[in-house]
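S.K.: Each chain is listed here by its residues.
There are 2 protein chains.
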Amino acid sequence: MFPALKNDTFLRALLRQPVDYTPVWMMRQAGRYLPEYRATRSKAGDFMSLCKNTELACEVTLQPLARYPLDAAILFSDILTIPDAMGLGLYFEEGEGPKFKRPITSMAEIENLSVDVMSDLHYVTDAVTMIRRELNGSVPLIGFTGSPWTLATYMVEGGSTREFKKIKTLLYKDPAALHLLLDKLATVVAIYLNAQIDAGAQAVQIFDTWGGVLSDSAYLEFSLRYTEKIISQLNVQRDDGTVVPVIAFTKGGAPWLDAMSHCGSDALGLDWSVNIGDVRSQIGERVALQGNMDPAILRAPIATIEAEVQRILASFGHHSHNSGHIFNLGHGITPDIDPEHAGAFIAAVKEHSPQYHQ
Amino acid sequence: MFPALKNDTFLRALLRQPVDYTPVWMMRQAGRYLPEYRATRSKAGDFMSLCKNTELACEVTLQPLARYPLDAAILFSDILTIPDAMGLGLYFEEGEGPKFKRPITSMAEIENLSVDVMSDLHYVTDAVTMIRRELNGSVPLIGFTGSPWTLATYMVEGGSTREFKKIKTLLYKDPAALHLLLDKLATVVAIYLNAQIDAGAQAVQIFDTWGGVLSDSAYLEFSLRYTEKIISQLNVQRDDGTVVPVIAFTKGGAPWLDAMSHCGSDALGLDWSVNIGDVRSQIGERVALQGNMDPAILRAPIATIEAEVQRILASFGHHSHNSGHIFNLGHGITPDIDPEHAGAFIAAVKEHSPQYHQ
Numbered sequence: 020m021f022p023a024l025k026n027d028t029f030l031r032a033l034l035r036q037p038v039d040y041t042p043v044w045m046m047r048q049a050g051r052y053l054p055e056y057r058a059t060r061s062k063a064g065d066f067m068s069l070c071k072n073t074e075l076a077c078e079v080t081l082q083p084l085a086r087y088p089l090d091a092a093i094l095f096s097d098i099l100t101i102p103d104a105m106g107l108g109l110y111f112e113e114g115e116g117p118k119f120k121r122p123i124t125s126m127a128e129i130e131n132l133s134v135d136v137m138s139d140l141h142y143v144t145d146a147v148t149m150i151r152r153e154l155n156g157s158v159p160l161i162g163f164t165g166s167p168w169t170l171a172t173y174m175v176e177g178g179s180t181r182e183f184k185k186i187k188t189l190l191y192k193d194p195a196a197l198h199l200l201l202d203k204l205a206t207v208v209a210i211y212l213n214a215q216i217d218a219g220a221q222a223v224q225i226f227d228t229w230g231g232v233l234s235d236s237a238y239l240e241f242s243l244r245y246t247e248k249i250i251s252q253l254n255v256q257r258d259d260g261t262v263v264p265v266i267a268f269t270k271g272g273a274p275w276l277d278a279m280s281h282c283g284s285d286a287l288g289l290d291w292s293v294n295i296g297d298v299r300s301q302i303g304e305r306v307a308l309q310g311n312m313d314p315a316i317l318r319a320p321i322a323t324i325e326a327e328v329q330r331i332l333a334s335f336g337h338h339s340h341n342s343g344h345i346f347n348l349g350h351g352i353t354p355d356i357d358p359e360h361a362g363a364f365i366a367a368v369k370e371h372s373p374q375y376h377q
Numbered sequence: 020m021f022p023a024l025k026n027d028t029f030l031r032a033l034l035r036q037p038v039d040y041t042p043v044w045m046m047r048q049a050g051r052y053l054p055e056y057r058a059t060r061s062k063a064g065d066f067m068s069l070c071k072n073t074e075l076a077c078e079v080t081l082q083p084l085a086r087y088p089l090d091a092a093i094l095f096s097d098i099l100t101i102p103d104a105m106g107l108g109l110y111f112e113e114g115e116g117p118k119f120k121r122p123i124t125s126m127a128e129i130e131n132l133s134v135d136v137m138s139d140l141h142y143v144t145d146a147v148t149m150i151r152r153e154l155n156g157s158v159p160l161i162g163f164t165g166s167p168w169t170l171a172t173y174m175v176e177g178g179s180t181r182e183f184k185k186i187k188t189l190l191y192k193d194p195a196a197l198h199l200l201l202d203k204l205a206t207v208v209a210i211y212l213n214a215q216i217d218a219g220a221q222a223v224q225i226f227d228t229w230g231g232v233l234s235d236s237a238y239l240e241f242s243l244r245y246t247e248k249i250i251s252q253l254n255v256q257r258d259d260g261t262v263v264p265v266i267a268f269t270k271g272g273a274p275w276l277d278a279m280s281h282c283g284s285d286a287l288g289l290d291w292s293v294n295i296g297d298v299r300s301q302i303g304e305r306v307a308l309q310g311n312m313d314p315a316i317l318r319a320p321i322a323t324i325e326a327e328v329q330r331i332l333a334s335f336g337h338h339s340h341n342s343g344h345i346f347n348l349g350h351g352i353t354p355d356i357d358p359e360h361a362g363a364f365i366a367a368v369k370e371h372s373p374q375y376h377q
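Protein chains in written order, with the numbering used here: chain C, 20 to 377; chain V, 20 to 377.
If you're looking for bench data, these hints aren't it; they were derived computationally from the structure. Here the structure is a predicted model, which means the values were calculated and not measured. Among these hints, one or two may not hold up.
Intra- or inter-copy, both count: the list cannot distinguish identical chains.
Listed next, the in silico DSSO-like pairs over lysine-lysine satisfying Cα-Cα at most 30 Å (straight line) [what the hints assert, rightly or not]:
hint	residue 1	residue 2
1	Lys-192	Lys-248
2	Lys-369	Lys-203
3	Lys-184	Lys-369
4	Lys-248	Lys-184
5	Lys-118	Lys-369
6	Lys-71	Lys-120
7	Lys-369	Lys-248
8	Lys-120	Lys-185
9	Lys-192	Lys-369
10	Lys-118	Lys-248
11	Lys-185	Lys-118
12	Lys-184	Lys-203
13	Lys-120	Lys-203
Isolated chain C (complex conformation) (with noise of 0.2 Å):
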């Protein structure tokens, strides 16, 4: 069905085989700190015209593939496309990030949210099939979804926060409300991964952006527990005998990486917050790793972001035969980066990390 995948060093990473050289890519890489990108989105319209336009996500996806040597490709999407199709209206005002006309504010509202919302998200599955056939095998196409807890946080404050007043509230005040609605997240997130896989996504990430606000026990509460519960409906093998890896991610996970290295994820990824030697020493034999260097550092001279990465490379150390290191920034890349140091930092990692893997 899709051409045959020329450049597996990622998949193979993840899954913790031996590669030449540690893979890389940037979240956020088909974003607008690249002028092709802006130039494109202009002509969609506002983000989510970008995001349920098939040819236009499959054109911006492709675009970092066009400039760096990357060795996978993200769909581009939002986490916030199941809210939407969840009935809460999803919509961006200029400069405040997104926002729902109809957040969650009862339980009698999260009793009656519906679950069924695939057929609203045609447009992400024909994104994913557009953009593996025009990867043409190059390189593997990364599927992804927010976490349960992360889009809770959404649905319930109505938009970004920094607070986490309303939602912390439902945890403290009524933690059952909240089950119901990580349940019901839960089933739709393995329903679109699922469908995303159908789809063509040769790894799937979940991304936890919010579980560092919450407490440690509530962390595994109401975050870990609803991941795990994704991963265990996944459909990770496929009948050609290839596997499906799964990335979690959360943002400021760094009090639970060893529960993390438990949930089935076969990677985990990092912030910056933490030294990855370390993280490796510790949970390096259950699963791969996946980062960490601050985005911010890419604003510094090349020479500064060359370092930074043989830091990181010389940190993680030689690999074993059962160690896996994807290179990502901590978070996202922001839209103020010149795309030459984007460039300086890909092209660091494959100088540098040869040598780590004889």
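Start from chain C and add chain V according to the hints.
M.R.: Relative to the frame of chain C, chain V by itself:
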């Protein structure tokens, strides 16, 4: 000079000496959640006028102690008194947080910053002495400061920030300039804390509110190093043989607790992201631990608050001959909290902690 201290439970716990129960205080305990605070604040005018009015600062410091059986008072002040005294022109815009009229924008401005600030900060030391007298030995008085890194974020960003773009750009593009700024701040902070100690502060806390946004290596180099430098300069041994314990608190500091436990402080403040029992196993032989309940739990029903207090006490576990726990929230109490719920929290610590000290 001051009346003898009647309740030294807080100081003993900080020094990991035996106590009969787990002492408790709350960050921002003198604050907007209290109607009596709001009344005094409205007399003073704006926030900084309240900080600078010795009598009123003393009055609000004592308000929570009149309500609750707290084991410590904390000076009512703000971490931004220092940059204000350095000439940056602190002001507060309603609903927008702190701002500076003259943020730091160049190396020349850093070089020209005065470290001779105490003549402008008599209102702080005057308040310390007045509060200490008014406390009349009931409980110890905590002095405090922001960490150099945290102060620098406000001074370079010009106010609060979510992105930390300017300060991180400075860090990665001109680390020498940032080091000069941090070094000057460490000098000023040490002088400032010593002045608070001279004026009567019986313990001091260094708030590193924004250390958690740094990468692993940057945290050690740009935040912890300067906290260490300050602590090494503090006059913590009084002539009468008493010791002034030092608490270091980095919000989001979970990845660095081991390194922090060697910074010279007697205690580490913990946010709610960590399991306090695990942290005790890791570093509890070296430092006392302060924390770590999520302040959002204070919005829950009182039974939930009590259960969480019991969970945290049980997680820390039975005390040994050299363990120390000071119960606190993982960050400041928020304005929306019902004072009755804060009281239930404090009562629960008093009720359930003695069994762990037998």
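S.K.: So, for every hint listed, does it hold in this structure?
M.R.: Evaluated hints:
With identical chains, the CA atoms of Lys-192 and Lys-248 are at most 30 Å apart within one copy only, with a shortest distance of 24 Å there and 43 Å across copies. In the homo-oligomer, the alpha carbons of Lys-369 and Lys-203 never lie at most 30 Å apart, since the shortest distance is 42 Å inside one protomer and 40 Å across protomers. When the C-alpha separation of Lys-184 and Lys-369 is checked against a cutoff of 30 Å, the pair qualifies only between copies, where the shortest distance is 27 Å, while the shortest distance within a copy is 43 Å. In the homo-oligomer, the alpha carbons of Lys-248 and Lys-184 lie at most 30 Å apart inside one protomer (26 Å), although the nearest pairing across protomers, at 37 Å, exceeds that limit.
In this assembly of identical chains, Lys-118 and Lys-369 lie within 30 Å of each other by CA distance neither inside one copy nor across copies; the values are 39 Å within and 43 Å between. In this homomeric assembly, Lys-71 and Lys-120 come within 30 Å of each other (Cα to Cα) only inside a single copy, at 19 Å, whereas the closest approach across copies is 44 Å. Taking the closest pair of Cα atoms, Lys-369 and Lys-248 never come within 30 Å of each other, the shortest separation being 36 Å inside a single copy and 39 Å across copies. In this homomeric assembly, Lys-120 and Lys-185 come within 30 Å of each other (Cα to Cα) only inside a single copy, at 16 Å, whereas the closest approach across copies is 33 Å.
In the homo-oligomer, the alpha carbons of Lys-192 and Lys-369 lie at most 30 Å apart only across protomers (23 Å), although the nearest pairing inside one protomer, at 50 Å, exceeds that limit. Taking identical chains as interchangeable, the C-alpha atoms of Lys-118 and Lys-248 lie at most 30 Å apart only when both belong to the same chain, with a minimum of 27 Å there against 45 Å between chains. Taking the shortest Cα distances, Lys-185 and Lys-118 sit within 30 Å of each other both inside one copy (14 Å) and across copies (27 Å). In this homomeric assembly, Lys-184 and Lys-203 come within 30 Å of each other (Cα to Cα) only inside a single copy, at 22 Å, whereas the closest approach across copies is 37 Å.
In this assembly of identical chains, Lys-120 and Lys-203 lie within 30 Å of each other by CA distance solely inside one copy; the values are 20 Å within and 49 Å between copies.
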